[in-house]
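Sequences are here, hints too, so could you generate the full structure?
Sequences listed follow chains A and B, in order.
At position 238 of the first sequence (counting the first as 1) the number is 238 in the numbering used here, and the numbers step up by one without a gap.
Position in the second sequence (from 1) plus 1000 gives the number in the numbering used here.
Any given hint could turn out to be false.
Okay, derived cross-link-like pairs now, DSSO-like style, lysine-lysine, Cα gap no bigger than 30 Å in a straight line [as the list claims (entries may be wrong)]:
(1) A:Lys481 - A:Lys446
(2) A:Lys87 - B:Lys1075
(3) A:Lys87 - B:Lys1007
(4) B:Lys1007 - A:Lys375
(5) A:Lys344 - B:Lys1026
(6) B:Lys1007 - A:Lys93
(7) A:Lys327 - B:Lys1094
Since the hints were made in silico from the structure, they are not lab data.
This one's a predicted model, so the numbers in the text were calculated from it and none came from an experiment.
Below, each chain spelled out in residue letters.
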Amino acid sequence: MDLYRLTIHELREMLRKGDVSSRDITKSVFSRIRDVESEIGAFITLMEQEGLDFSDEADKRIKEGKTGELTGIPLAIKDNICIKGVKTTCGSKMLENYRPPYDGTVIEKVRKNTPIFVGKTNMDEFAMGSSTETSYFGVTHNPWDLERVPGGSSGGSASAVAADECIGALGSDTGGSIRQPAAFCGIVGLKPTYGRVSRFGLVAFASSLDQIGTLTKDVRDCAILLTVISGYDSLDSTSIDVEVQDYERNLDGGVNGLKIGVPKEYFAGGIDPAVEKAVWGALMELEKLGATYKEVSLPHSDYALAAYYLIAPAETSSNLARYDGVKYGYRTSGAEGLMNMYVKTRSEGFGQEVKRRIILGTYALSAGYYDAYYKKASQVRTLVKRDFEEGFKECDVMLTPTVPTPAFKIGEKVGTPLQMYFTDIFTIPANLAGIPGISIPCGFNKDELPIGVQLLGRHFDEARLLQVAHAFEQNTDYHLKKPVIRSVKNKN
Amino acid sequence: MVVKLGKEEVEKVAELARLDLIEFEKDIFGGQLNTILDYFDKLKEIEISEVEPTSHVSVQRNVFREDQAVSAFSKNDLLQNSPDSKKGCFRVPKIIE
Chain A
1 MDLYRLTIHE LREMLRKGDV SSRDITKSVF SRIRDVESEI GAFITLMEQE GLDFSDEADK
61 RIKEGKTGEL TGIPLAIKDN ICIKGVKTTC GSKMLENYRP PYDGTVIEKV RKNTPIFVGK
121 TNMDEFAMGS STETSYFGVT HNPWDLERVP GGSSGGSASA VAADECIGAL GSDTGGSIRQ
181 PAAFCGIVGL KPTYGRVSRF GLVAFASSLD QIGTLTKDVR DCAILLTVIS GYDSLDSTSI
241 DVEVQDYERN LDGGVNGLKI GVPKEYFAGG IDPAVEKAVW GALMELEKLG ATYKEVSLPH
301 SDYALAAYYL IAPAETSSNL ARYDGVKYGY RTSGAEGLMN MYVKTRSEGF GQEVKRRIIL
361 GTYALSAGYY DAYYKKASQV RTLVKRDFEE GFKECDVMLT PTVPTPAFKI GEKVGTPLQM
421 YFTDIFTIPA NLAGIPGISI PCGFNKDELP IGVQLLGRHF DEARLLQVAH AFEQNTDYHL
481 KKPVIRSVKN KN
Chain B
1001 MVVKLGKEEV EKVAELARLD LIEFEKDIFG GQLNTILDYF DKLKEIEISE VEPTSHVSVQ
1061 RNVFREDQAV SAFSKNDLLQ NSPDSKKGCF RVPKIIE
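In structure tokens:
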């Protein structure tokens, strides 16, 4: 049996019964990586030796009966989440050799379960992008079609899960960076409520929007991982002290009597017909299972994208001011004087998309433009948040497409940033409002590219999102389909 | 299309952000940023001067802790990532002539 193909919960069961060792699983995953990684390019750093060492430790713990939910399970971590002593590059030349002296809080929480860290996954530079093409370390390919992008910015994590190069993964989502690649790669991706998961040890991009979340092969795995990483953390003052539920135990709530809201603005046009069909199909399936649905309105949806692309770059320009070549990160060689060192370091260390956003953000915050841009965007944010508050008076969850189209071709949108930004149009509002969202597989187009449906919930209502997603998954088999990885060369 | 960000303005903003763009970047950024800024004009469609801005979604509150020293990183741990250090300090190019 190919162990690498299995899920967290399947392997957990086998490990507990003693049917398999963590070392076997880890070896299976690394042999899979050797087979497909040259086609996929999901990782920036692989941790094979550490992984095998960890697996022996995990096997020892299992023998002693001291198991956690993730004991012995190989996980991949997006390269903007700090693991002590392991390169954390953020997909940037600026942090090419940065080794954090500490674990991020999510890593500390996961580590208590003695999992295996397989490696650090590729991402758009500083998580800025929707295709993983802005990484300094090269592009990642979509396992379903190697000529297409995996989405982004957590494209490495999504590809690694879809190609079975790990069992589950962590990513981060600032405007859709977990849900969009999950949809493009045919897997489950959850962005929790802002404040549900500590951001300590996540390299900052736009701090009021960033949130760490999960990328997994199915909904049960999502619930397991979320339960482990959630909770208040005194090291992140924006994390919120709300009780952490056992999301896995609560999975079987079903959808009987559930009220689903369908925001009409999301279906106003511009959606690929195959996506629209698959998403309506998902709604019909949920209705069959006992849910009802009604149209709701989020009237300011049309302004959310513009507001986001002012707020996120504004926060970026401030957050990325710290990269000055002094305390850590890249420093230019041959600068004349301190100011010249700052300027050359930043100009050489950042890639184009990061520079574009720093300039956009600096402009939006600069004297004379602040009111017209940043302030106005923040007011729109209030309206987007209120839209959801009103909308959720009429329904329990909302259902939308995750992305308007399936995965696009590598290179297709690189030259037109605004077109790239538009791929986040359905995922961005959740970040602006701070609500949770999950993308689950709901179909394929005629080219066998996966399609995702997004469920949005009230603040801290992850349990309900997972129940709905689980009910859908139990009655469909989209999540069980696996890509056949062909090399680009063989296809031509 | 009204050019909002000319080449000179791009240069000025880049300077504020401590970036030195090469000619090619100035040209493409100028064009791309204007397309993006034009799209942002959408926001002018709505009259919202009375709406409170939201800079953060969660309830804003101060988080206090006791004023007690806690152990942090060792000097060596922190200097390890520094591009240049000497005698336990970060070293930077000369500031004062």
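Each hint tested on the structure:
Among the hinted pairs, A:Lys481 with A:Lys446 is consistent with the structure: their alpha-carbon atoms are about 15 Å apart, no more than 30 Å. Using a Cα cut-off of 30 Å, the hinted pair A:Lys87 and B:Lys1075 holds, with the two alpha carbons roughly 19 Å apart. Distance check on the hinted pair: A:Lys87 and B:Lys1007 sit about 37 Å apart at the alpha-carbon level, beyond 30 Å; violated. Restraint check for B:Lys1007 and A:Lys375: the C-alpha separation of about 25 Å stays at or below 30 Å, so the hint holds.
The suggested pairing of A:Lys344 with B:Lys1026 holds, with an alpha-carbon distance near 16 Å, which does not exceed 30 Å. Restraint check for B:Lys1007 and A:Lys93: satisfied, since their Cα atoms lie roughly 26 Å apart, inside the 30 Å limit. Restraint check for A:Lys327 and B:Lys1094: the C-alpha separation of about 16 Å stays at or below 30 Å, so the hint holds.
Violated hint: 3 only; the structure is consistent with all others.
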